[in-house]
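Participant: Those protein sequences? They're chains A and E, same order as listed.
Here the UniProt record's numbering is used: the first residue of the first sequence is 1, the next is one more, and so on.
Here the UniProt record's numbering is used: the first residue of the second sequence is 1, the next is one more, and so on.
Don't read these hints as lab results, they were simulated from the structure.
Misleading hints may appear alongside valid ones.
Stated by the list, open to error - Below are the DSS-like pairs computed for lysine-lysine, each with C-alpha atoms no more than 27 angstroms apart in a straight line:
(1) A/Lys218 <-> E/Lys174
(2) E/Lys299 <-> A/Lys219
(3) A/Lys219 <-> E/Lys99
(4) E/Lys99 <-> A/Lys217
(5) A/Lys99 <-> E/Lys299
(6) E/Lys291 <-> A/Lys291
(7) A/Lys185 <-> E/Lys299
(8) A/Lys219 <-> E/Lys291
(9) A/Lys185 <-> E/Lys185
(10) A/Lys217 <-> E/Lys190
(11) E/Lys218 <-> A/Lys185
(12) A/Lys217 <-> E/Lys185
Stated by the list, open to error - Short derived list, chain E residues pointing at chain A, Cβ under 10 angstroms:
(13) Ile163
(14) Trp212
(15) Ser266
To be verified - Over 12 angstroms on every C-beta distance to chain A, these chain E residues come out as not near it, computed from the model:
(16) Asp81
(17) Thr82
(18) Gln110
(19) Arg111
(20) Arg115
(21) Pro119
(22) Glu144
(23) Glu166
(24) Gln179
(25) Val192
(26) Gly216
(27) Asn267
(28) Pro279
(29) Pro286
(30) Glu295
We put the beta carbon where it would ideally sit given N, CA and C, even for glycine.
There are 2 protein chains.
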Amino acid sequence: MNVISLTVWTLENNCFIVYTTLIVCFTAFTIFHQKRLEDRYSRSVERKEKIPRNFSGGRERDFPDDEGDDPDQLIPALPEDTPHIPYQPPRRCDEEVLKRSQEFYELMAQRRTVRAFSPEPIPDEVLENIIKTAGTSPSGAHTEPWTFVVVQDPEMKEAIRTIVEEEEDLNYSKRMSRQWVTDLKPFATKPVKPYLSDAPALLLVFRQTYSWRPDGKKKMHYYSEISVAIAAGILLAAIQYCGLVALTSTPLNCNARLRDLLSRPSNERLELLLPMGRPHEGATVPDLARKPLNEILVKI
Amino acid sequence: MNVISLTVWTLENNCFIVYTTLIVCFTAFTIFHQKRLEDRYSRSVERKEKIPRNFSGGRERDFPDDEGDDPDQLIPALPEDTPHIPYQPPRRCDEEVLKRSQEFYELMAQRRTVRAFSPEPIPDEVLENIIKTAGTSPSGAHTEPWTFVVVQDPEMKEAIRTIVEEEEDLNYSKRMSRQWVTDLKPFATKPVKPYLSDAPALLLVFRQTYSWRPDGKKKMHYYSEISVAIAAGILLAAIQYCGLVALTSTPLNCNARLRDLLSRPSNERLELLLPMGRPHEGATVPDLARKPLNEILVKI
Numbered sequence: 001m002n003v004i005s006l007t008v009w010t011l012e013n014n015c016f017i018v019y020t021t022l023i024v025c026f027t028a029f030t031i032f033h034q035k036r037l038e039d040r041y042s043r044s045v046e047r048k049e050k051i052p053r054n055f056s057g058g059r060e061r062d063f064p065d066d067e068g069d070d071p072d073q074l075i076p077a078l079p080e081d082t083p084h085i086p087y088q089p090p091r092r093c094d095e096e097v098l099k100r101s102q103e104f105y106e107l108m109a110q111r112r113t114v115r116a117f118s119p120e121p122i123p124d125e126v127l128e129n130i131i132k133t134a135g136t137s138p139s140g141a142h143t144e145p146w147t148f149v150v151v152q153d154p155e156m157k158e159a160i161r162t163i164v165e166e167e168e169d170l171n172y173s174k175r176m177s178r179q180w181v182t183d184l185k186p187f188a189t190k191p192v193k194p195y196l197s198d199a200p201a202l203l204l205v206f207r208q209t210y211s212w213r214p215d216g217k218k219k220m221h222y223y224s225e226i227s228v229a230i231a232a233g234i235l236l237a238a239i240q241y242c243g244l245v246a247l248t249s250t251p252l253n254c255n256a257r258l259r260d261l262l263s264r265p266s267n268e269r270l271e272l273l274l275p276m277g278r279p280h281e282g283a284t285v286p287d288l289a290r291k292p293l294n295e296i297l298v299k300i
Numbered sequence: 001m002n003v004i005s006l007t008v009w010t011l012e013n014n015c016f017i018v019y020t021t022l023i024v025c026f027t028a029f030t031i032f033h034q035k036r037l038e039d040r041y042s043r044s045v046e047r048k049e050k051i052p053r054n055f056s057g058g059r060e061r062d063f064p065d066d067e068g069d070d071p072d073q074l075i076p077a078l079p080e081d082t083p084h085i086p087y088q089p090p091r092r093c094d095e096e097v098l099k100r101s102q103e104f105y106e107l108m109a110q111r112r113t114v115r116a117f118s119p120e121p122i123p124d125e126v127l128e129n130i131i132k133t134a135g136t137s138p139s140g141a142h143t144e145p146w147t148f149v150v151v152q153d154p155e156m157k158e159a160i161r162t163i164v165e166e167e168e169d170l171n172y173s174k175r176m177s178r179q180w181v182t183d184l185k186p187f188a189t190k191p192v193k194p195y196l197s198d199a200p201a202l203l204l205v206f207r208q209t210y211s212w213r214p215d216g217k218k219k220m221h222y223y224s225e226i227s228v229a230i231a232a233g234i235l236l237a238a239i240q241y242c243g244l245v246a247l248t249s250t251p252l253n254c255n256a257r258l259r260d261l262l263s264r265p266s267n268e269r270l271e272l273l274l275p276m277g278r279p280h281e282g283a284t285v286p287d288l289a290r291k292p293l294n295e296i297l298v299k300i
C-alpha cells in the first residue's frame with residue numbers, strides 16, 4: 001500500500017506541477033498582454049476626451065505638455081511688466097454711430113465671392129495696406145499667428161494652380177462625401193480653377209501653429225485657428241472696403257504641397273487661399289439671398 | 001497491479017479533466033476579452049486617422065456618413081438650378097483703391113481689445129446693423145452657420161458672468177497649462193470679469209454645427225468653424241468702423257452651461273463671447289506693438 005500511495009502521489013503531483021506551471025505562465029502572459037492593450041486604449045481615449053491642461057484652442061498635439069517645467073521658472077512670452085496705458089479713442093455720438101453702422105453694412109452687403117477676375121495688377125502698396133489691416137486683428141495672448149504669402153509671379157501662380165487642381169480632382173472624386181459634392185452644384189464650382197492663373201494676386205493665409213521665443217523656448221500659439229480666421233475676416237472687409245474682390249477658398253489637402261512649394265516652415269499650415277483683384281467684366285455670381293436678420297439674431 | 005493502475009489512471013485523469021476544463025474556459029474568456037479590447041482600440045485609432053469621405057473642415061462627428069444614400073437621389077441644399085447673375089460692383093481706380101486701403105488700415109489700426117466698459121446703452125438699430133454686417137460673411141456652401149445672441153438684460157448678464165467666472169476659476173487653477181497662465185500675465189486677465197455686467201451688450205457667437213433642410217434631411221455645415229470666425233472678423237471691423245469697442249473672448253468650457261442658460265439648441269456651440277460698447281473713461285490697454293509688415297508678409 002505504501003508503494004501504491006507513493007506512485008499515485010508522484011503521478012498526481014507531476015501532473016499538478018506541469019499544469020500549474022502552464023497556468024501560471026499563461027495567466028502571467030495574458031495579464032501582461034491585456035494590461036498593454038488596455039493602456040494603449042485608455043491612452044488613446046484620454047488623448048481625445050480629457051480636458052487637456054494644455055488645451056489652447058488649437059489642435060492639442062501642437063502643444064507639448066509642460067510637466068517638466070518648474071512653475072517658478074516660467075517666463076511669459078511678453079514682458080510681465082508690460083505697462084498699461086490709457087485708451088481713449090475719439091468718442092462718437094449715437095447718431096454718428098448709427099449712421100456709420102448703416103454705411104458699413106451697406107458696403108459689406110455688396111461683397112460677393114467672385115470666381116472670374118480681370119488680370120489688371122494691384123498696386124503693391126494696396127496689397128501692403130490690406131495685409132497690414134489684417135495684421136491689426138486680435139489674437140490669443142497677442143501671438144499674431146499668421147503669415148500672409150502674396151503671389152503675383154505668373155509661374156508660381158501656375159504651379160499653385162497645378163497642385164490645387166490635382167488635389168481638387170481627388171477631392172471631388174474620392175475624398176468629399178457625395179452629399180457635399182451635390183451641395184456645391186448650385187455654385188458651379190469645379191476642379192478646374194482658371195482664376196488661380198487669372199487673378200493678379202493670390203493671397204495664401206498660413207497659420208503658425210507655434211513659434212520660437214528669443215530664449216529658444218517654444219512659444220505657444222493659443223487659439224491660433226480662430227485668430228487666423230478672424231484676421232481673414234478683417235482682411236476680406238479691407239478688400240471690400242477699398243473696392244476689390246476676392247474668392248474665399250479653403251483648399252482641401254493642399255497644405256503640405258503648397259507649403260513646400262512656397263518654402264514655408266513646418267510650423268505653418270495653409271488655412272485659406274484667396275485669389276483677389278477686380279472682377280472680370282463678365283463675372284457672374286449665383287443669385288443667392290442672405291438669411292433675414294430674425295434668423296441670425298436673438299435678442300435677450 | 002490492476003487495481004493500482006486503475007487508481008492512478010482515475011486520479012491522473014480526474015486531475016487532467018479538471019485542469020483542461022479550467023484552461024479551456026480561461027483561454028476562451030481571454031481570447032474573447034482581448035478581441036473586444038483590440039476592436040475598441042482599433043476603432044478608436046481608425047476614427048482618428050482615416051481621411052474621412054465626409055471630411056468637411058468641421059469636426060467629423062458633426063457629419064453623418066452618407067453610405068446609405070442613393071447617389072442618384074441626392075438633392076443639393078440649395079436649388080441646383082440657382083441662376084447666375086452678372087456681378088459688376090462700381091469700379092474704383094487705382095488711386096481711389098490706394099486711398100481707401102490706407103484709410104481703412106488707419107481706422108482698424110486703432111482697434112484695441114478693451115476690458116473696461118462705460119455702461120451707456122447702444123441703440124438697438126446699431127446692434128442690428130452690426131449683426132447684419134457680420135451676416136454678409138462668406139460661408140462654406142453658403143450655409144451661414146451662425147446665430148448671434150445679443151444680451152442686454154442685466155439679470156441675464158449677471159447669470160452669464162456667474163457661469164464664466166466659475167469656469168474661468170477652474171480654467172486658471174486646473175485646466176490651463178502653467179505656461180499658458182504665465183503667458184497671460186502681461187494682459188492682467190483674471191477669473192473675475194466685471195465687464196460681463198458693465199458692458200451694455202454681450203454678443204455671444206454660436207456656431208451651428210448642422211441644421212435641417214425643409215425636406216427634413218440634415219443640412220451639412222461645411223467649414224462651419226472657419227466660417228463663423230471669419231464672420232466674427234467682419235463683426236469686429238463693423239464695431240470698430242462705427243466707433244464702438246469690444247473684447248474678443250473665447251470662454252473655455254462654458255459652452256454647455258451658456259447654451260442651456262440661453263436656450264440654444266444642441267446643434268449650436270458657443271465660439272466667442274464679445275462684450276461691446278464704449279470704453280470706460282478710465283480704460284487702459286497693455287502697451288503692445290504689432291508685428292512689422294516684413295514679419296507677416298511674404299511677397300513672391
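Participant: Decide, hint by hint, whether the structure agrees.
Facilitator: Results of checking the hints against the structure:
A threshold of 27 angstroms between alpha carbons decides the hint, and for A/Lys218 with E/Lys174 the separation of about 22 angstroms falls inside it, so the pair holds. Distance hint between E/Lys299 and A/Lys219 is fulfilled; the C-alpha atoms sit about 25 angstroms from each other, no more than 27 angstroms. The straight-line distance between the Cα atoms of A/Lys219 and E/Lys99 is roughly 37 angstroms, outside the 27 angstroms bound, and the hint therefore fails. Restraint check: the Cα-Cα separation between E/Lys99 and A/Lys217 comes to about 41 angstroms, which exceeds 27 angstroms; the hinted pair is violated.
With a CA separation close to 38 angstroms, the supplied pair A/Lys99 and E/Lys299 exceeds the 27 angstroms bound. At most 27 angstroms may separate the alpha-carbon atoms for a hinted pair to count; E/Lys291 and A/Lys291 exceed this at roughly 37 angstroms. At roughly 34 angstroms between alpha-carbon atoms, A/Lys185 and E/Lys299 are farther apart than 27 angstroms, so this suggested pair is violated. Note on A/Lys219 and E/Lys291: the hinted pairing holds, with a Cα-Cα distance of about 15 angstroms set against a maximum of 27 angstroms.
For a cut-off of 27 angstroms, the pair hint linking A/Lys185 to E/Lys185 is broken: about 50 angstroms separates their Cα positions. Distance restraint check for A/Lys217 and E/Lys190: the Cα-Cα separation of roughly 25 angstroms lies within the 27 angstroms cut-off, and the hinted pair is therefore satisfied. For the given pair, E/Lys218 sits about 17 angstroms from A/Lys185 by alpha-carbon distance, which is consistent with the 27 angstroms threshold. The hinted pair formed by A/Lys217 and E/Lys185 meets the criterion: a straight-line CA distance of about 18 angstroms does not exceed 27 angstroms.
Taking 10 angstroms as the C-beta cut-off, the interface hint given for E/Ile163 is violated, the closest approach to chain A being about 14 angstroms. Violation of the interface hint for E/Trp212 is found here, the shortest Cβ-Cβ separation to chain A being roughly 13 angstroms, above the 10 angstroms cut-off. A least Cβ separation of about 16 angstroms between E/Ser266 and chain A goes past the 10 angstroms threshold, and the interface hint is therefore violated. A cut-off of 12 angstroms between C-beta atoms contradicts the statement that E/Asp81 is not in contact with chain A; the least separation is 8 angstroms.
E/Thr82, annotated as away from the interface, has a beta carbon of chain A within 12 angstroms; the closest lies near 4 angstroms. Consistency note on E/Gln110: stated as away from chain A, yet its beta-carbon is not over 12 angstroms from all of that chain's, at 6 angstroms minimum. In this structure E/Arg111 is not separated from chain A by more than 12 angstroms, as the shortest Cβ-Cβ distance comes to only about 6 angstroms. Non-interface status of E/Arg115 relative to chain A is broken: a Cβ of that chain comes within 12 angstroms, the nearest being about 10 angstroms off.
For E/Pro119, the condition that its CB be more than 12 angstroms from all CB atoms of chain A holds, with the nearest at approximately 14 angstroms. Its beta-carbon lying about 5 angstroms from the closest one in chain A, E/Glu144 breaks the requirement of being farther than 12 angstroms from that chain. Every CB of chain A lies more than 12 angstroms from the CB of E/Glu166, the least distance being 15 angstroms, so the non-interface label holds. A beta-carbon of chain A comes within 12 angstroms of the beta-carbon of E/Gln179; the shortest separation is about 5 angstroms.
Every CB of chain A lies more than 12 angstroms from the CB of E/Val192, the least distance being 17 angstroms, so the non-interface label holds. A cut-off of 12 angstroms between C-beta atoms confirms that E/Gly216 is not in contact with chain A; the least separation is 14 angstroms. The Cβ of E/Asn267 sits about 14 angstroms from the closest Cβ of chain A, beyond the 12 angstroms cut-off, so the non-interface label holds. With a least beta-carbon separation of about 6 angstroms from chain A, E/Pro279 fails to lie farther than 12 angstroms from that chain, contradicting its non-interface assignment.
Against the 12 angstroms criterion, E/Pro286 falls within the reach of chain A, whose nearest CB is about 5 angstroms from its own CB. Taking the minimum C-beta to C-beta distance to chain A, about 8 angstroms, the non-interface status of E/Glu295 is violated against the 12 angstroms cut.
Going through the hint list in order, the structure does not satisfy hints 3, 4, 5, 6, 7, 9, 13, 14, 15, 16, 17, 18, 19, 20, 22, 24, 28, 29, 30.
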